[in-house]
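Chemist: Let's have the full structure, built from the sequences with the hints guiding it.
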Amino acid sequence: MALLFSNSNDNNLIKEIAKGAVGVLPTDTVYGLVASARNPHAVAGLYKLKHRENKPGTVIAASCEQLIQLGVDQKYIDEAKTFWPNQISIILPVGPDLYYLSQGLGSIAFRVVADDALRTLLEKTGPLLTSSANDPGDPPATTIQMAKDYFQDKVAYYVDGGKKSDNPSTIIQIQDAGVKVIRQGVFVLPPDAKVL
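With the first letter of the sequence shown counted as 1, position 190 gets the number 1171 in the working numbering; the numbers rise by one all the way through.
Hints are computed from structural coordinates only; laboratory data are not their basis.
Don't take every hint at face value.
[Claimed, not checked] Derived lysine-lysine pairs resembling DSS-like cross-links, with alpha carbons at most 30 Å apart: (1) 1144 x 1105; (2) 1129 x 1036; (3) 1175 x 1056; (4) 1175 x 1036; (5) 1129 x 1031; (6) 1062 x 1031; (7) 1029 x 1144; (8) 1036 x 996; (9) 1036 x 1000; (10) 1105 x 1000; (11) 1062 x 1105; (12) 1036 x 1105; (13) 1056 x 1036; (14) 1105 x 1029; (15) 1031 x 1000; (16) 1135 x 996; (17) 1031 x 996; (18) 1129 x 1056; (19) 996 x 1105; (20) 1135 x 1000; (21) 1000 x 1144; (22) 1129 x 1144.
Modeler: Here it is, written out as structure tokens:
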């Protein structure tokens, strides 16, 4: 039976994530299925649960430094960091060491979060791979009950964070000529942004 936590600062939750468990918690946008981004086995478990192939999730972190420590090239972080912390995910290239995260595609979305509670958790766990808590094609979970209806006891734990928005993060790609919006979400780019 899946564990239920009432807040994201529970030490037992930190232990679950550290040992490679896949679970559901409130992110800075929707409820997300999460796993340690440093653990290839946990990442594989999350992708299997979501039936994701050639469609990587998003890595969320407390800081740019965490992403550099994970193995993302500093030059790409330097390009992206002007947008963070925020509810905006940026697709960045990754090397072969992180292909387990990108499913071999060579790039994946990253986000440094602004939400205080989530950032506090990430400071303890390190970066997490996340994908919206839902079955493919269904709406993202906005309550813990919706997430339970999707995953039941297929995950190790749930963290109840009350009702969340159903609006996911905005996903962009930085290009030489400007910014390409891959998915419009909760974050709206400023009017002076060079949107392609």
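Chemist: It remains to establish, for every hint, whether it holds in the given structure.
Modeler: The hints, checked one at a time:
1. 1144 x 1105: holds, 24 Å
2. 1129 x 1036: At roughly 23 Å apart (the allowed maximum being 30 Å), residue 1036 and residue 1129 satisfy the hint.
3. 1175 x 1056: holds, 20 Å
4. 1175 x 1036: Given pair residue 1175, residue 1036 holds - Cα atoms ~26 Å apart, limit 30 Å.
5. 1129 x 1031: holds, 14 Å
6. 1062 x 1031: holds, 29 Å
7. 1029 x 1144: holds, 26 Å
8. 1036 x 996: holds, 28 Å
9. 1036 x 1000: Holds, because 25 Å separates the two Cα atoms, which is no more than 30 Å.
10. 1105 x 1000: Roughly 13 Å separates the two Cα atoms, so the pair holds.
11. 1062 x 1105: This hinted pair holds, its Cα atoms lying about 21 Å apart.
12. 1036 x 1105: Since the Cα atoms of residue 1036 and residue 1105 sit roughly 27 Å apart, the hinted pair holds (cutoff 30 Å).
13. 1056 x 1036: The given pair, whose Cα atoms are some 24 Å apart, holds under the 30 Å limit.
14. 1105 x 1029: holds, 25 Å
15. 1031 x 1000: holds, 20 Å
16. 1135 x 996: Holds, at about 18 Å.
17. 1031 x 996: holds, 23 Å
18. 1129 x 1056: It is violated: about 40 Å lies between the C-alpha atoms, which goes past 30 Å.
19. 996 x 1105: holds, 10 Å
20. 1135 x 1000: Holds. Residue 1135 to residue 1000 sits at ~16 Å (cutoff 30 Å).
21. 1000 x 1144: holds, 28 Å
22. 1129 x 1144: It holds: about 14 Å lies between the C-alpha atoms, which stays within 30 Å.
The structure fails hint 18 only (numbered hints given earlier).
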